[in-house]
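When you get a sec, could you build the whole thing from the sequences and use the hints?
Chains as they are written, first to last, in our numbering: chain Y, 1 to 208; chain U, 1 to 208.
Watch out, some of these pointers could steer you wrong.
Each pair may be met inside one copy or between any two copies, as identical chains are not told apart.
Below, in silico cross-link-like pairs of lysine to any residue (SDA-like), each with a Cα-Cα straight-line distance of 25 Å or less [claimed, not checked]:
#1 Lys48 <-> Ala6
#2 Lys48 <-> Glu37
#3 Lys48 <-> Gln17
#4 Lys48 <-> Ala193
#5 Lys48 <-> Arg58
#6 Lys48 <-> Asn180
#7 Lys48 <-> Leu179
#8 Lys48 <-> Ala202
#9 Lys48 <-> His204
#10 Lys48 <-> Ser31
#11 Lys48 <-> Ala181
#12 Lys48 <-> Gly206
Worth flagging that the hints you see were computed from the coordinates, not collected in a lab. In this text, all values refer to a predicted model and were calculated from it rather than measured experimentally.
Protein chains: 2
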Amino acid sequence: MRDVAASTVRRLSLYLQFLDECERERLETVSSGALAERGGASPAQVRKDLSFFGSFGRRGVGYSVPLLAGRLREILGLVRRYRVILVGAGRIGAALAAYPGFRSRGFDVVAVYDADPARVGTTVDGLVVRDGARLEADLAAEPADIAVIATPARAAQDVADRLTAAGVRALLNFAPVALNAPPTVVVSDVNMALELEALSYALHHGRA
Amino acid sequence: MRDVAASTVRRLSLYLQFLDECERERLETVSSGALAERGGASPAQVRKDLSFFGSFGRRGVGYSVPLLAGRLREILGLVRRYRVILVGAGRIGAALAAYPGFRSRGFDVVAVYDADPARVGTTVDGLVVRDGARLEADLAAEPADIAVIATPARAAQDVADRLTAAGVRALLNFAPVALNAPPTVVVSDVNMALELEALSYALHHGRA
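Below, the structure is given as structure tokens:
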């Protein structure tokens with residue numbers, strides 16, 4: 001497999017979300033034009049993206065929905081399950097633990113941690129919140145693939161350092177801070193405040 | 001004001017989130033080193049980012065928290081209020097309508113729309129859900145600055161086209177689709193599925 005740009009991975013995700021809908025509607029085939037519209041790309045870009053991973057389409061017929069969806073799930077690594085731990089059991093953390101999109105993508109939340117003694121021992125989506133001090137010991141016994149960081153901003157870097165030292169290779173960060181991580185660790189950020197402020201900045205300065 | 005890169009705007013947002021915390025703790029000054037840690041930048045980058053907008057720091061003392069926070073709010077356009085409409089009153093839309101981060105940034109959700117007759121007339125966070133067919137008429141009478149799109153993916157582009165034709169200049173998109181919009185319109189996307197799949201892709205292909 002050649003190296004694939006992050007922007008390509010994002011388009012593949014968008015194509016797959018569209019194919020998921022097609023499957024629910026029991027559509028058999030889909031055109032590159034329809035895929036292009038959802039991925040924000042040209043039909044030529046779609047054909048290029050997909051040919052990169054093998055040939056799925058038939059001229060004049062389009063792409064087979066189940067074949068292409070299956071292949072995209074493979075490419076995106078959605079054919080296996082991932083062990084996920086959640087650090088931070090506050091409002092965002094609790095909402096995330098219940099997010100159905102985790103499980104449907106094969107992401108199993110197996111443990112929830114918090115540093116606040118008032119939260120330790122309470123239950124979040126069926127999981128008893130554990131003391132954050134146990135992170136290293138638990139990860140040594142039962143490694144996790146992905147950690148979701150939903151701590152206050154000031155705690156996030158320290159938590160990220162402890163997680164990566166304990167062998168976690170992927171972080172999904174909800175704290176409003178740019179995390180530093182070794183190059184062997186992948187970090188995705190979700191920060192709605194940043195998106196909102198990008199809009200207000202553009203409106204305020206007449207960019208929009 | 002010179003043109004500012006989107007990455008700079010994101011760092012300014014991260015600095016401001018840090019300054020907000022400092023204000024809550026009644027700290028008077030902050031160092032470029034502390035700001036750098038939160039913005040994922042070097043202290044030199046922080047000084048460069050901030051000097052771009054005027055001089056705020058004093059050598060050996062650091063930056064005045066209230067002065068710098070005030071100036072960043074100005075730069076980011078957070079000193080005025082924005083009229084926001086929300087299109088799509090499903091699970092995500094309802095959660096967003098209640099999101100306190102909107103109001104605290106001066107974003108007032110003034111109307112909620114849905115195309116589903118079963119939802120029209122119900123109440124979401126104190127607002128009666130309006131029929132989506134009224135969008136154009138309502139916007140003509142009372143323009144909005146920002147529209148939040150929380151519709152199913154298949155409806156999102158059509159909604160975006162109607163909103164931009166009706167004069168909305170900023171879109172915050174939660175639908176899993178890449179929206180096409182005129183260059184005069186700014187679009188921010190929030191799509192957690194994409195972030196999750198970027199992680200599973202990296203893990204699956206040994207990038208992490």
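How the hints compare with the structure:
Proximity of lysine 48 to alanine 6 under the C-alpha cut-off of 25 Å is restricted to the intra-copy arrangement: shortest distance 15 Å within a copy versus 28 Å between copies. In this homomeric assembly, lysine 48 and glutamate 37 come within 25 Å of each other (Cα to Cα) only inside a single copy, at 15 Å, whereas the closest approach across copies is 40 Å. Taking the closest pair of Cα atoms, lysine 48 and glutamine 17 come within 25 Å of each other only inside a single copy of the chain (19 Å); across copies the shortest separation is 41 Å, beyond that limit. Proximity of lysine 48 and alanine 193 under a CA criterion of 25 Å is satisfied inter-copy only: 23 Å between copies versus 35 Å inside one chain copy.
For a Cα distance limit of 25 Å, the shortest separation of lysine 48 from arginine 58 inside one copy, 14 Å, qualifies, whereas the shortest one across copies, 54 Å, does not. When the C-alpha separation of lysine 48 and asparagine 180 is checked against a cutoff of 25 Å, the pair qualifies only between copies, where the shortest distance is 20 Å, while the shortest distance within a copy is 34 Å. For the homomeric pair lysine 48 and leucine 179, the shortest alpha-carbon distance between copies (20 Å) is at most 25 Å, but the shortest distance inside one copy (34 Å) is not. Taking the closest pair of Cα atoms, lysine 48 and alanine 202 come within 25 Å of each other only across two copies (21 Å); inside a single copy the shortest separation is 33 Å, beyond that limit.
For the identical chains of this complex, lysine 48 and histidine 204 are inter-copy neighbours only, at 22 Å across copies versus 39 Å inside a copy, given an alpha-carbon limit of 25 Å. Only within a single protomer do lysine 48 and serine 31 lie at most 25 Å apart by alpha-carbon distance; the minimum there is 14 Å, versus 49 Å between protomers. Taking the shortest Cα distances, lysine 48 and alanine 181 sit within 25 Å of each other only across copies (23 Å), while inside one copy they are farther apart (33 Å). For a Cα distance limit of 25 Å, the shortest separation of lysine 48 from glycine 206 across copies, 23 Å, qualifies, whereas the shortest one inside one copy, 36 Å, does not.
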